[in-house]
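Novice: Chain residues, written in single-letter form:
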Amino acid sequence: MSADHQTSGLGFVGQSVKRVEDQRLLTGNGRYVADINPPGVLHAAFVRSPFPHATIDRINVSAARRAPGVVAVMTAAEINAITNPFPPFLMLDGMYTPLFWALSDDRVRHIGDPVALVLAESRHLAEDAAELVEVDYTALEPVASIADALRPTSRQVWPKADGNLLYDSSTEYGDVDAVFAAADRVITERLSCQRQSNQPMETRGTVIEVDPRTGHLTVHSATQTSHVLRWVLAALTEKRSMGSSIAAFARNKDRRTAFIAGARSFMATNKDSLGNQDNSGARSQFRKDRSFPIHMQRIGLGLLAKDDYPTVLAQDIGGGFGAKGSVHREDVALAAAAIALGRSVKWIEDRVENLTDGGHAREEDLTVSIAVDHDGTMRGLKVDLIVDQGAYPGFPVGAGFTTQIMQVMFPGSYRFEAFGMRSRVVATNKGKYVAYRGPWANETWARERMVDIVARALRMSPVEVRLRNMIGESEMPTHMITGPTIDETMSVRKTLERALQVVDLDAFERERAEAAEQGRHLGIGFACYHEAAPGPPDYMDSVNAGSDALTAEVARATIEADGSVVVYTSQMPHGQSHETTYSQVAADELGVSIDDVKVVWGDTRRTPFSLIGTGGSRGGPLGGGAIKRSSREVRRMLIEEAARMLEASVDDIEIVGGNIHVAGVPSRGLTFAEVAGAVTATDPSAHPFDATVTYNGKGDGGWSCATHVCFVDIDLDTGKVAIPRYVVVEDCGPIINPAIVDGQVRGGVAQGIGAVLYESSIYDESANLQATTYMDYLIPTTMEIPDIEIHHIETLSPGENDFRGVGEGGMIGAPAAITNAIEDALAGRGARVTTQYLPPTTILELAGVIRPD
Amino acid sequence: MKIPAFSYHRPESLDEALGLLRDHGDDAKVLAGGQSLLPIMALRLGRPEHLIDIGRLPGLASITVDGRGKVIIGALVRHAAAEGSTDIAGHAPLVSEALPHVGHTAIRTRGTVCGSIAHADPAAELPAVALATDAIMVAESSDGVRHIRASDFFEGYLQTALRPDELLTEVRFPPWPDNTGAAVSEVSRRHGDFAMMGVACTISVADEITAAALSFFGADSIPIRATEAEQSLVGRQPDGDAFDDAAKIVMSTLQPGADLHASAAHRRHLAGVVTRRALAEATSRIGAMA
Ligand SMILES: Cc1cc2nc3c(=O)[nH]c(=O)nc-3n(C[C@H](O)[C@H](O)[C@H](O)COP(=O)(O)OP(=O)(O)OC[C@H]3O[C@@H](n4cnc5c(N)ncnc54)[C@H](O)[C@@H]3O)c2cc1C
Chain A
6 MSADHQTSGL GFVGQSVKRV EDQRLLTGNG RYVADINPPG VLHAAFVRSP
56 FPHATIDRIN VSAARRAPGV VAVMTAAEIN AITNPFPPFL MLDGMYTPLF
106 WALSDDRVRH IGDPVALVLA ESRHLAEDAA ELVEVDYTAL EPVASIADAL
156 RPTSRQVWPK ADGNLLYDSS TEYGDVDAVF AAADRVITER LSCQRQSNQP
206 METRGTVIEV DPRTGHLTVH SATQTSHVLR WVLAALTEKR SMGSSIAAFA
256 RNKDRRTAFI AGARSFMATN KDSLGNQDNS GARSQFRKDR SFPIHMQRIG
306 LGLLAKDDYP TVLAQDIGGG FGAKGSVHRE DVALAAAAIA LGRSVKWIED
356 RVENLTDGGH AREEDLTVSI AVDHDGTMRG LKVDLIVDQG AYPGFPVGAG
406 FTTQIMQVMF PGSYRFEAFG MRSRVVATNK GKYVAYRGPW ANETWARERM
456 VDIVARALRM SPVEVRLRNM IGESEMPTHM ITGPTIDETM SVRKTLERAL
506 QVVDLDAFER ERAEAAEQGR HLGIGFACYH EAAPGPPDYM DSVNAGSDAL
556 TAEVARATIE ADGSVVVYTS QMPHGQSHET TYSQVAADEL GVSIDDVKVV
606 WGDTRRTPFS LIGTGGSRGG PLGGGAIKRS SREVRRMLIE EAARMLEASV
656 DDIEIVGGNI HVAGVPSRGL TFAEVAGAVT ATDPSAHPFD ATVTYNGKGD
706 GGWSCATHVC FVDIDLDTGK VAIPRYVVVE DCGPIINPAI VDGQVRGGVA
756 QGIGAVLYES SIYDESANLQ ATTYMDYLIP TTMEIPDIEI HHIETLSPGE
806 NDFRGVGEGG MIGAPAAITN AIEDALAGRG ARVTTQYLPP TTILELAGVI
856 RPD
Chain B
100 MKIPAFSYHR PESLDEALGL LRDHGDDAKV LAGGQSLLPI MALRLGRPEH
150 LIDIGRLPGL ASITVDGRGK VIIGALVRHA AAEGSTDIAG HAPLVSEALP
200 HVGHTAIRTR GTVCGSIAHA DPAAELPAVA LATDAIMVAE SSDGVRHIRA
250 SDFFEGYLQT ALRPDELLTE VRFPPWPDNT GAAVSEVSRR HGDFAMMGVA
300 CTISVADEIT AAALSFFGAD SIPIRATEAE QSLVGRQPDG DAFDDAAKIV
350 MSTLQPGADL HASAAHRRHL AGVVTRRALA EATSRIGAMA
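Chains as they are written, first to last, in my numbering: chain A, 6 to 858; chain B, 100 to 389.
This is chain B alone, in the form it adopts within the complex (with noise of 0.2 Å):
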C-alpha cells in the first residue's frame, strides 16, 4: 500500500498549473486535499505518472458572495472552511446541510470542497448538492474557460465533463430562491461513512409547493435527480401524504443497485424513507434561512 513513483509539480501561478496540465494532461492528476486521489494511489488503483499540487496556487482558497446572491466556492477551499462559513450557511444552505456528512474530521480539514466534484463518487454528497441547486462548474484550461452546468458535468462513475487539462477553479451555486428549504438526509453504516443512500433536497412552497429538487447519492453511478417525484410535488400541499406520493415515485424509478453494505431493495427502501426525511425537515427550514 505504497504508492508508486510519480513526478511531483507544484505551481505556483495558475498559468503554471495550467501549463503542466496541457503539456502531461493524459498522465496527470491535480492533487487537493489528496483525501481520495491518495487512497486510490496507494492501493495502486491509480497510477498517474505526474501530480499537479494546487495548494500554494494564490486566490483559490476564497469563498466569495456577488451582489446577487451567488456564492463562489474556489479550488481550494476545505470542507472545514466551508462548513464553518456562514456566507455558505446564508446564501448555499444545501451546502451546509451536506458538510457534516462528508467523512470524519480530519478528511474535511483537507478536502475540497471542488475535488470532492472533481472526484464525482456517486455516494458523495457534494456531487448531488451540485446537481441539486443547478450549480456552474467553472473550468480552465490554457484554451480558455468553460463553464459546465452540473447537469452536463457528472458523465459516469468517477467521469466528469471535466478535460484532462482542465482544472476545476471554481464551483458556483446560484442565488438560493425565496421560500426555499434545504435538507441532507443520508444513512450510512457508521458515522462519517459514504452513504447507502441519501438525497440532497430543497423545496419551494408559496402557498403550495411551487419546486422541488431531489437529488439522489448513492443511487446510481452518478448523482442523479429524481425529477418525475420533483414534478409529482409541485402544486400540492407539503404534507405527508405529498411526501409520500413522491416517494413511491422515487422507489420505482430509482434502479440502485447491491453492495456489501445494502442490498438494492434495503437501497430502494432507503431512497423512499430520505424522501419522506429530507422533505419533512427542508419545508421545515423554509425561513429559517437567509
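Bound-form chain A, shown alone (with noise of 0.2 Å):
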C-alpha cells in the first residue's frame, strides 16, 4: 500500500468491517424489483414452447384475450413488428452468430422458447389466460447433443449457418507438431462436462415503468449491467427507417452534439484498443448473413435519433452469477409492450422459467493431448473444444468470444513448448448459453484433470507433475505461450507449496491406508489456476484484439455540501458487497471514516458508463481502482481549496479522521463540511469536488492465482461423496475485507461441489429438459458443503493499485480438485474420471460396483 494510507487512513482497507448492506437486507429492508409495484401496473406471463424444436404454423390468442383480467396477449406479430432483433456482438473470424428476435415467430428452437406474452392483472390470471393461448406446432427432428449438431443430416436450428456449426477456429502457438513428434509420449483423454444453470436464489425479473405524462420508461430490472440493458433497450425498441432516423438525429442539436462529445470521449479513452480491431468477424457474418448490416445500421441510426432513452434502475438483486449479465429476450418484449400499451408491466420469473430459459452453461467436451517425456516434461498441448450453445447465443456475449479466452488460459501456469486449440461452437435446440461465473473455466477442470492423468499414465504424483512443470519466480518476468505477460503475480507455485505445506501428504496417506482396512476410499485431489482479474495489461488484447476498449471502469467521486463523500460506481452489485469494499477504499483514501462514505450504483442518470457492469472479477480491481482514483483526486481538490483557506501549503495539509489540517496542528483543522460548505455558500449550484476518473487496468493489474486441495471419503456402498476437508490457497494481492473475499471463495467452492456431485440441466435424446424444478435440478445446501479453509497469500503487483479479482476463482477451481480427488481415490479400481458430473451412480459405476443400466 501506498505511504499515504498511512499518514491519512483509518486503515478500513484489510479489515472484515461489517457489510454495510446487511442492516438492509437482513432486516428484510432490501428493495428487489419483486418490491417494485407501479400503479396500475399489468403483470406479465409469458407463453413458452412445449416443443424442442418446431414451426409454429398458426397462433389463436381470442380465448386468452378474453380470459378474466386480461389487457393484452402480444404475440411475435405484435411485438417483432416494434423491435428490431439482437444484432451480432462481438463478431469473431469464422464466427456466424443467428438473429434472433425478442418473440419466436415461424419457429421455436428449444422448450421454453417465448411466443407470446400475456398481460394482466396479476401473474395468476395472466397464467391462466397463458394457457388459453392456442398454438400449432409442427414438430421438427430436434438437435438434442453435440453428436447431434456435428451430423451431417440433422435438422438445422439456424438455416445460415453451416449446418449446426456456428464457430470453428483454429490456432497454433509454437510447432506443435514437431514438439509432438519429439516427446517420448502423447496422452490423449476426451473430457465432458455437462449442462448446467446459474441459480441465483432471485430469479430474472423486470418493470418497465411508464411515465404517463411524458411516456419516459424506468426501468427496474434485476440485472448485472444496468447501461448495457438501457442502451439495448432503447436500441431494439427503436424500429423505424433510416432515412427516418438520419432527419431526426440532423433536426436534433443536443442530441447531435451530446452524441459528438460522448463518441469523442469514448474514442480519446479507448485510442489504443480501437486502433486494433480487425473486421474479420464482421466479414465472416456477412458471409452467412447479407442483411445484418442493415439491421446494424437500423439499430445504430435509430440510437442517433431516439431522443429518450430509458433510465435503468436496479437496486438490491439477489445473485446472478453471469446469467443477469445478459439482455434477456423477455426485457425487450416487456419494453415493446409498455410502449405500446402505454401502461407499465411487470415480470418476475419463476422458478420453473429460470431453469428452462434462465440461461444455461458449461456444456463442453474436450478432447485434450498433452506431448510429454518420461520424466514428467510436458511439452505440447494440444485441445479439440466443441461447445454446445444451446439455440440462441446469450446476448451481448456469446460462447464464441467465450472460447477465445479458454484458449488464452489454457496452458495455465505450465511452461509448453507448443500449443494448438480448436474451438467449434454448435447450435442445438436447447436453453439459451449464458456466462456462468469464471465461464472459462473448463480450461482449468480439463487442463488439472490432464496433469492428474498423465502423473498417473507416468506413475508420478499429481503434484510432482505440477512442480515440475509450473512456471516459478525465477523465471519471471516472462509470458504465458498464448501472449500474457506472466510477472511475479502469477504465484500458482507459491499457493501450491504454501497447500503442500498446510495438508501434509504423509499424514493423509497413512490415514488412507488405515481407512482402506475399514473399506472407506479416501482420495485428495489438487487443481492449481490463474484467471485475469484483471489480467496483465496485453491480457485483453491476447484474447481478442481490439476487445480491450471493453475493459475500462469508470467511477467519479463528489464531496457534498454537507461534507459526505458520495461515490458513483458503474459496477453493479448482486451479492459481492461493493458498497461495503468501495466504502472502505474511498474512506482510506479520504481520510474518513466508512460512515461518511455514500455507495451510488445502478442508477443510469447518476453512475457512469460502463459497457460491462458486474462481471470478469473486475468490481476489485478496476472498479476499486477507479474508486480510488476518483476518490484521491477529489481529496487533491478538497486539500487544494483547504490550503487557501488555512492559508497553508498544499503540501503540509493531510486528513485524518476527516479533520483537514496543516500536519502537526489539528486543532486548527476544518471539516469536510466547513471546506465544502464555504464554497456552496456564495453559489449553491457550485459543486467544486467531484471528480470523474477512467481507469483501465494498464500499467499494474495482474493475476489472480490458487492452489484448490480437495479431499473426499467415498461410500462405495452408496455412491456418496463426503468431502472432510477443503483447503483454498489464494492469492488475489492485498485483500480489501478478508471475510467478503473468503464469502466469495466458500461461495464458487460450493457452486464447484454443486457442478460436480449435484447439478445438471440434462435433456433427454429428443432435447427434452428433464431438470425444471429443484426435485431435479439439485443444489447444495449448507448440509452438503463442508467447511472450507482458506489461506491467503498477498502477492503485491508491480503497479500501484494492487487489488485484484476473486469472485469467480472459487469457482474455477474447485471442480478439477474434486474430479482429481474421486479418481484418486477410486485409482484403485482402475476408475478414469472423464466427465465433470459425478452423481452417484457414476460413483458405482467407476468403481466397478454396478453395471450401467
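With a straight-line cut-off of 16 Å between C-alpha atoms, the simulated EDC-like cross-links for lysine to aspartate or glutamate are:
no.: 1; chain 1: A; residue 1: K499; chain 2: A; residue 2: E469
no.: 2; chain 1: A; residue 1: K603; chain 2: A; residue 2: E26
no.: 3; chain 1: B; residue 1: K169; chain 2: B; residue 2: D233
no.: 4; chain 1: B; residue 1: K101; chain 2: B; residue 2: E148
no.: 5; chain 1: A; residue 1: K725; chain 2: A; residue 2: E850
no.: 6; chain 1: A; residue 1: K499; chain 2: A; residue 2: E478
no.: 7; chain 1: A; residue 1: K258; chain 2: A; residue 2: D313
no.: 8; chain 1: B; residue 1: K101; chain 2: A; residue 2: D355
no.: 9; chain 1: B; residue 1: K101; chain 2: A; residue 2: E136
no.: 10; chain 1: B; residue 1: K101; chain 2: A; residue 2: E126
no.: 11; chain 1: B; residue 1: K347; chain 2: A; residue 2: D722
no.: 12; chain 1: A; residue 1: K725; chain 2: B; residue 2: D292
no.: 13; chain 1: A; residue 1: K603; chain 2: A; residue 2: D567
no.: 14; chain 1: A; residue 1: K23; chain 2: A; residue 2: D600
no.: 15; chain 1: A; residue 1: K499; chain 2: A; residue 2: E480
Where chain B lies over chain A, by a calculated footprint (3+ residues, C-beta under 8 Å):
no.: 16; segment: 353-364
no.: 17; segment: 723-733
no.: 18; segment: 769-780
no.: 19; segment: 835-849
The hints are simulated quantities; they were obtained by calculation from the structure and are not laboratory data. Where is the CB? At the ideal position from N, CA and C, for every residue including glycine.
Two independent chains are provided; combine them into the complex using the hints.
Specialist: So, in C-alpha cells, the structure goes:
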C-alpha cells in the first residue's frame, strides 16, 4: 500500500468491517425488483414452447384475450413489429451469430422458447390466460446433443449456419507437430462437462414503469449491467426507417452535440484498443447473413434519432452468477409491450422458467492431448473444444468469445513448448447459453484433470508433475505461450507450495491406508490456476485484438455541501458487497470513516457508463481502482481549497479522521463540511469537489491465483462422496475485506461442489429438458457444503493499484480438485474420471460396483 | 407457478367437512399441511376446484396411546409434533425413526403424518412405515367409518383406497411387539431429499429371529414389502450372514426403475445396502425401546 494510507487513512482496507448492506438486507428491507409496484402495473406471463424444435403454424389468442383480467396478449406479430432483432455483437473470424427476436415467430428452438406475452391484472390471471393461448406446432427433428449437431444429416437450428456449426477456429502457438513428434509420449483423453444453470436465489425480473405524462420508461431490473440494458432497450425498441432516423438526428441539435461529445470521449479513452480492431468477424458474419448490416445500421441510426432513452434503475439483486449479465429477450418484449400499451408492466420469472430459459452454461466436450517426456516434462498441448451453445447465444456475449478466453488460459501456469487449439461452437435445441461464474473455467478443469491423468500414466505423483512443469519466480517476467505477460503476480507455484505445507501428504497417506482397511475410499485432489482478474495489460488483446476497449471502468467521487462523500460506480453489485468494499477504499483515500461514504450504483442517470457492469471479477481491481483514483482526485481538490482557507501550502495538509489540517496542528483543522460549505455558501449550485476518473488497469493489474486441495471419502455402498476437508490457498493481492473475500471463495467452491456432485440441466435424447424444478435440479445446501479452509498469500503487483479479483476463482478451481480427488480415491479400481458430473450412480459405475443400465 | 383459482372451504366441524366432501367429492381435495398439495397445484399438475382446509377441525391434532399400547395419530398431527412425541418414540418407534428423514424442518412443521400417508408418494417414508407395521387407516365419510389395512391401502402411484368423499381422520399403529427393534435406512441425493431407496424395518428376536418386516420406499410405484426376504430371516440368528442373504433376496426380487437421480442397477444395489444396514441397526435397538 502507498505511504498515503499510513499517514491519512483510518485503515479500513484490510479489515473485515461489517457489511454495510447487511442492516438493510438481513432485516428484510432490501428493495428487489419484485418489491417494485408502480400504480396500475400489469403482470406478465410468457407463453413458452412445449416443443424443443417446431414450426409455429398458427397462434390463436382470442380465448386468452377474453379471459378475466387480461389487458393484452401479444405475439411476435405485435412485438417484433415494433422491435429490432438482437444483432451480432463481438463478431469473430469464423463465427456466425444468428439474428433473433424478442418472441419467436415462425419457429421455436427449445423447450421454453417464448412465443407470446400475456399482460393481466395479476400474475395468477396472466398464467390462467397463457394456458388459453392456442399454438399449433409442427414438430421438427430436434438437435439434442453435440453429436447430433455435428451430424451432417441433422436438421438445422439456424438455416443460415453451416449445418449446426456456428464457430470454428484453430490457432497454433509454437510448432505443435514437431513438439508432439519429439516428445516421449502423447496422452489423450476426451473430457466432457454437463450443462449447468446459474442459480441465483432471485430469479430474473424486470418492471418497466411508464411515466404517463411523458412516456419515459424507467426500467427496474435484476441486471448485472444497467447501462448495457439501457442501451439495448433503447436500440431494440426504436424501429424506424434509416431515412427517418437521419432526419430526426439532423433536426435534434442537443442529441447531435451529446452524441459527438460521447463518441469523442469513448474514442479518446480507448484509442489504443480501437486502433487495433479488425473486421474479420464482421466479414464472416456477412458471408452468412447479408441482412445483418442493414439491421445494424438501422439500430445504430435509431439510437442516434431516439431522444429519450430509458432510465435503468437496479437496486438490490439476489445473485446472478453471470446470467443477469445478458440482456434477455423477455426484457425487450416487456419494454415493447409497455410502449405499445402505455402502461407499466412487471415480470418476475418463476423457478421453472429460470431453470428452463434463465440461462445454461458449461456444456462442453474437450479432447485434450499432452505430449510429455518420461520424466514428466509436459511439452506440448492440443485441445479440441466443442461448446453446445443451445439455441440462442447470450447477448451481448455468446460462447464464441468465451472460447477465446479458454484458449488463452488453457496452458495455465505450465511451460509448454507448443499449443494448438481448435474451438467449435454448435447450435442445439436447448436453452440459451450464458456466462456462468468463470465462464472459461473448463480450461482449468480439463487441464488439471489431464495433469492427473498424465501423472497416473507416468506413475508419478500429480503434485510432482505440477511442480516439474510450473513456472516459478526465477523465470519471471515471461509470457504464457498464448501471449499474456507472466509477472510475479502469477504466484500459483507459491500457492501450491503453501498448500503442501498445509495439508501434510504423508499424514494423509497413512490415513488413507487405515481407512482402506475399513473399506473406506479416501482420495486427494489438487487443482491450480491463475485467472485474469484483471490480467496483465496485454491480456485482453491476447484474447481478442481490440477487445481491450471493453475493460475501462469509470468512477466518480464527490464531496457534498454537508461534507459527505459520495462515490458513483458503474459496477452493478448483486451480492458481492461492493457498497462495503468501495466505502473502505474511498474512506481510506479521503481519511474519513466508512460511515461518511455513500456508494451510488445501478441508476443510469447518475452512474458512469460501462459496457460491462459486474462480471469477470472486475469489481475489486478495475471498479476498486477507479474508486480509489476518483477519491484521490477529489481529495486533491479538497486539500487545495483547504490549503487556501488555512493559508498553508498544499503539501503541508493532511486529513485524519475527517479533520483537514496542517500537519502537526490538528486543533486548527477544518471539517469536510466546513470546506465544502464555504464554497457552496456563496454559490449553492457550485459543486466544486467532483472528480470522474477512467481506469483501465493498464500498468498494473495482474493475476489472481489459487491452489485448491479437496479430500474425499467415498462410500461405495451408496456412491456418495463426502468432503471431509477442503483447502484453498489463494492470492488475490492485498485484501480489501477478508470476510468478504472468504465469502466469495466459499460461494465459488460451493458451486463447484454443486457442479460435480449435484447439478445437471439434463436433456433427454429428444431435447426435452428433464430438470425443471428443484426436485430434479439439485443445488447443494449448507448440509452438503463442508467447512472450507482458506489461506491467503498477498502478492503485491508491480503497479500502484494492487487489488485483484476474487469473485470467480472458487468455482474455477473446485471442479478440478474434486474430480481429481474422486479419481484418486477410485484409482485402485481402475477408475478414469472423464466427466465433470459425478452423481452417485456414476461413482458406483466408475468403481465397478454396478453396471450401467 | 401460480395456483389456479379454486373455491376455498374451511369447515369448523367434522360433519361439515364430510358434507363438503360428499358434495364436491371428485372435484375437491383435502388441504392439510399443503406441503405436497400446494406445490402440485402451483405447477398446475393438479387443479382441484375445491380445497377443503381441515386445519380448524377440532380434536384431530392429538396423539394417543390406548390401554393396549396402540398409537393413534390424528389427521392434524404435524410431522414435527410426532417427531417430538415420547409416546410415539415409546410405542411406535418406527414412526420416530422415519420422521427425521422427512424433508426439512420447515416442511415437517406444516406437513402432517396423515397427509403424507394419504398422499402416498412411493418414495415417502411414512407410507412404508404404515405398511411395515400393519397400521390401520381410519377413513370417515358421511356414509360412515372404514378401517383400511395398510396392505389394502396403497393401490398405485399416488393412489390409495380412500374414496374422494373420505377423510383420513387417523392412523392407528398396533401395539409394539416385545423384543422388536426398528430402523429406517435410506439413501438420498442430499439431506432431506426423497430417498433414492429406503427401507422401514422391524426385527423381532427371541433366541432367534421370530419376525421381520422390510418395507421399501423408492422401490416401486407403491411402498412394497419384501416378504420373501422377511421369511428367509425367520428362524435364523440375527447376524451378518442372515442379513446378507436377505439383502440378496431383496436385490433379486425388487424391480426398481431408473430416474434422474439413480439408475435401476444403482437402486437395486442400494436396496441390498439399506437392507443390511437397517437389519443390523434394528437388531441393535432391541430392548433399547419401550
Ligand atoms: C421440499 C420438500 C421435501 C419433502 N421431502 C419429503 C421426504 O423426504 N419424505 C416425505 O415423506 N415427504 C416429503 N415431503 C412431503 C411432505 O412430507 C408432505 O408434508 C406430506 O407428503 C403431505 O402432508 P401434508 O399434510 O402437507 O398434506 P397436503 O399437502 O395438504 O396433502 C397431500 C395430499 O393428501 C391429501 N390429504 C391430506 N390430508 C388428508 C386427510 N386427512 N384425508 C384425506 N386426504 C388427505 C390431500 O388432499 C392431498 O392430495 C417433502 C415436501 C417438500 C415440499
